[in-house]
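Trainee: Chain residues, written in single-letter form:
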Amino acid sequence: MLKVDHASVYFRTRDGRTVHALDRVSLDIPDNSFVVALGASGCGKSTLLNAIAGFLPLSSGTITLDGRPVMRPGADRGVVFQKDTLLPWKSVVDNVALGLQFTGTPKAQRRTRAEELLFLVGLKDFAKAFPYELSGGMRQRVGIARALAADPDVLLMDEPFGALDSLTREQMQELLVSIWKTTGKRIFFITHSIEEALFLGTQLVVMSPRPGRIVARFELDFVREFARTGDARSIKMAPEFASLREEIRTILHGSDEIRSAAE
Amino acid sequence: MSNVIETTGVVVRAETDQPKTVEMNGFGVGERNTLVISFATAVALIGTWWLIARLGLVPRLFLPTPQEVATQLGAVYRDGYAGASLGEHISASLFRIATAAAIAIAAGIPIGLLMGLNRWAKGIFDTPIEFYWPLPPLAYLPLMIIWLGIGETSKVTLLVLAMFAPICLSAQAGVRALPIERVNAARSLGARPWQLLVSIVLPSALPEILTGIRIALGVGWGTLVAAELIASNRGIGYMIMSASQFLATDVVFVGIGIIAACAFAFSAAVRLLEATLVPWKGKS
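Residue numbers (the working numbering), protein chains in the order written: chain V, 5 to 267; chain X, 69 to 352.
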């Protein structure tokens with residue numbers, strides 16, 4: 005269980021003001037879950053992910069992974085970034101094997117493992133290619149494979165499909181669900197797309213800015229249904245899906261109005 | 069009038085069956101080859117030189133013809149000049165440059181990386197480097213000779229000082245250009261500080277470092293001649309200096325030509341190194 009308990013973050017801006025980026029956020033990411041954080045930009049969702057990843061210390065509150073407090077980045081939490089962060093001087097297979105290289109796994113063994121993962125993300129023919137030869141969607145798939153290679157306890161994904169076109173994005177969502185199903189990894193996923201959030205999450209938290217906080221939580225079943233049936237279209241066409249989408253849209257806009265009324 | 073507009077794909081086949089290939093318009097020079105242009109320029113320059121000398125626009129003493137320089141090169145190669153063979157002059161200069169480059173690279177890269185990574189290192193090394201780096205090497209050459217004598221040590225030290233700064237500063241710039249996401253990605257894959265330095269920081273800074281080495285080699289050849297002007301009996305710079313004292317303009321030309329050729333070869337070697345080590349430069 006990954007447990008975020010009353011996590012608060014304050015930043016100091018360049019001109020000396022204090023910004024309340026995250027306000028007492030509590031969140032559990034149980035085994036086999038797919039937790040999605042949804043919100044407009046500036047709602048603190050990336051701050052939350054950075055804190056879980058260990059890139060950012062908390063002002064107050066705690067984050068624990070299976071009981072161990074999170075202090076710094078580590079291989080137990082794999083991260084997939086919005087901007088691809090592949091190493092341009094390494095081939096695709098060596099990029100995937102990077103985490104294994106850090107743990108000192110022998111070369112032949114990490115090659116084998118990396119090739120398995122490339123097969124999983126559908127890139128087995130691109131092992132020897134270099135990142136600059138790949139499209140945006142393919143690079144993100146390499147990024148996912150790389151994060152999985154270190155066999156993390158949880159996968160943290162920071163708007164990984166945000167820069168992709170909508171067709172590729174849907175393909176990537178379906179690929180991600182199949183990876184989630186195959187590997188059984190816990191996933192914490194950030195997005196600003198309501199549809200993506202509804203389709204992917206077993207648990208959805210809606211966040212609102214200034215200060216960044218959780219304003220609503222939903223338990224969802226669409227992703228399990230998709231994992232079972234493989235039919236994305238009928239799920240997204242379903243009336244429950246549409247009504248939830250409208251409900252969340254109201255929440256997001258509502259928190260907007262509350263804020264502007266307060267100002 | 070029809071309601072349906074039918075479009076048919078038209079396949080245009082050229083006689084050769086080879087489609088015309090196109091590629092993205094780049095910006096700047098990019099990867100396009102400049103060899104032919106450079107070669108033509110060299111030919112044009114030598115042609116101009118030959119023409120000016122041939123027409124007698126300038127007295128022979130000041131500007132020998134290309135043929136005279138070529139003949140002189142042969143003579144110097146056969147008989148040597150100023151008490152040493154041509155090979156000895158060249159190898160003396162090359163030894164100094166190579167030794168100094170090796171020392172400057174070995175010290176400049178780690179110190180530059182450290183300065184990019186650590187506040188203390190930056191604060192400490194910034195002061196002496198910013199102080200001495202803008203000084204012309206000839207200004208502190210007398211000090212080198214007084215402190216270190218007239219042997220190889222003072223010359224190599226002078227060269228090391230001249231070559232160290234560009235390498236060190238470029239390594240530092242390389243670290244500063246490193247995106248934080250790349251570091252965070254490596255950390256979340258379990259990289260320890262040492263692995264971060266070797267696997268992420270150094271390769272990321274490599275393009276800048278290689279540019280710095282190229283600049284350093286240029287500065288090095290410039291400084292070398294200055295170093296050899298004083299208190300030496302071997303080296304291309306020394307050869308040029310003693311020739312100028314006898315107004316042997318053709319030998320001066322031979323010396324300049326050899327330095328240019330050596331500097332060009334060094335620069336080409338670094339470019340080759342760039343092509344092998346950082347083929348991804350500017351592509352990510």
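Hint data in this document are derived by calculation from the structure and do not stem from the laboratory.
Note that beta-carbon positions come from the ideal geometry of N, C-alpha and C, so glycine has one too.
Hints may be right or wrong, so weigh each one.
Derived, one-sided and incomplete: chain X residues facing chain V with beta-carbon distance under 10 angstroms [what the hints assert, rightly or not]:
hint, residue
1, Arg-187
2, Lys-190
3, Glu-249
4, Ala-259
Trainee: Does the CB of X/Ala-259 sit less than 10 angstroms away from some CB of chain V?
Mentor: Constraint on X/Ala-259 satisfied, holds at 5 angstroms.
Trainee: Can you verify the interface hint for X/Lys-190: is its Cβ closer than 10 angstroms to any Cβ in chain V?
Mentor: Check failed: Cβ of X/Lys-190 comes no nearer than 21 angstroms to chain V, outside 10 angstroms.
Trainee: Does the CB of X/Glu-249 sit less than 10 angstroms away from some CB of chain V?
Mentor: 5 angstroms, holds
Trainee: Please verify that hint: X/Arg-187, Cβ, nearest Cβ of chain V, below 10 angstroms or not.
Mentor: 19 angstroms, violated
Violated hints for the displayed structure, listed by number in ascending order: 1, 2.
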